[in-house]
Amino acid sequence: MAALHTVNKSPFERNSLESCLRLAAKGSSVLLFEDGVIGAMKNTKHSDAVANAMSDVSFYVLGPDIKARGLNDSNVIDGITVIDYDGFVDLTTEHHTVQSWL
Amino acid sequence: MSEEGIVKKFCYMNRKAPYGTIYALESLEVVLIAAAFDQDISLVFADDGVYQLTKNQDTNGIGMKNFSKTYSALGDYDIKKIYVEKESLDERGLTADDLQALVYEDEDDDWAEKNSLFVVDRAELSSIIDSQDIVLSF
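One line per chain: the protein sequences are A and B, in this order. Per this note's numbering: the first sequence = residues 1 to 102. Per this note's numbering: the second sequence = residues 103 to 240.
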């Protein structure tokens with residue numbers, strides 16, 4: 001079983017996402033939530049880094065946090081799966097561990 | 103000498119996205135309180151602070167209060183200088199169209215509704231900040 005990495009900080013404010021992408025093992029999953037959802041959006045300064053990492057890790061983003069910030073699911077980078085809280089729970093059970101990048 | 107009647111230029115600098123931290127809501131609360139003191143107030147939204155002003159925020163799914171509608175009340179508190187840094191929008195793939203409209207009613211012009219939100223570039227913003235007496239960071 002692979003690891004689930006969670007990132008809840010904006011890539012514009014912290015380097016949590018950058019460090020996560022640098023160190024997450026191939027085959028693991030990355031969930032973006034809270035301010036971390038900003039990292040899942042298209043056309044930002046950080047979009048390319050996320051798109052490039054997609055060949056090694058699977059990306060998920062928490063839909064309710066996207067809507068809260070006035071952002072739209074349709075602007076999520078192609079290939080990232082939008083999930084809800086039930087999906088979050090499923091992810092934690094499907095991975096052997098959860099690593100939080102604060 | 104009395105200091106009564108002295109008006110200073112206060113700037114509230116907002117650089118955080120809403121909901122992930124308490125900064126955005128706290129700033130808004132402080133601004134609304136400070137508005138009672140008849141000072142010259144400007145609000146600045148830069149970096150992730152631009153996300154505070156997005157329209158269509160819907161917090162039902164995260165169980166938090168949606169305070170974005172409160173920004174439209176700022177005009178009633180005579181706050182009519184709200185600046186958004188253009189470069190911050192650009193870096194985030196956002197445009198002015200993604201932000202809510204903010205207006206105030208001009209008492210010197212038969213209460214005509216006027217725009218209070220201005221997208222300014224980095225150089226303009228720099229000089230706006232430089233002209234302030236006090237800058238409060240959130």
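These are calculated hints, taken from the structure and not from any lab test. Hints may contain errors.
[Claimed, not checked] Listing some non-contacts, in silico: residues in chain A with all C-beta distances to chain B over 12 Å:
hint: 1; residue: 11
hint: 2; residue: 12
hint: 3; residue: 19
[Claimed, not checked] Straight-line Cα separation of at most 27 Å, BS3-like style, residue types lysine-lysine; simulated pairs:
hint: 4; chain 1: A; residue 1: 67; chain 2: B; residue 2: 110
hint: 5; chain 1: A; residue 1: 67; chain 2: B; residue 2: 188
hint: 6; chain 1: A; residue 1: 67; chain 2: B; residue 2: 111
hint: 7; chain 1: B; residue 1: 167; chain 2: B; residue 2: 183
hint: 8; chain 1: B; residue 1: 216; chain 2: B; residue 2: 188
Backbone N, C-alpha and C fix where the C-beta goes; we use that ideal spot for every residue, glycine too.
Hints and how they fare:
1. 11: About 10 Å separates residue 11(A) from the closest Cβ of chain B, which leaves it inside 12 Å; violated.
2. 12: violated (5 Å)
3. 19: Since the minimum Cβ distance to chain B is about 18 Å, residue 19(A) lies beyond 12 Å and the statement holds.
4. 67(A) <-> 110(B): Roughly 38 Å between the alpha carbons, so the hint for residue 67(A) and residue 110(B) is violated.
5. 67(A) <-> 188(B): holds (23 Å)
6. 67(A) <-> 111(B): violated (35 Å)
7. 167(B) <-> 183(B): Status holds; Cα separation ~25 Å.
8. 216(B) <-> 188(B): holds (20 Å)
In terms of the numbered hints stated before, the structure departs from hints 1, 2, 4 and 6, listed from lowest to highest.
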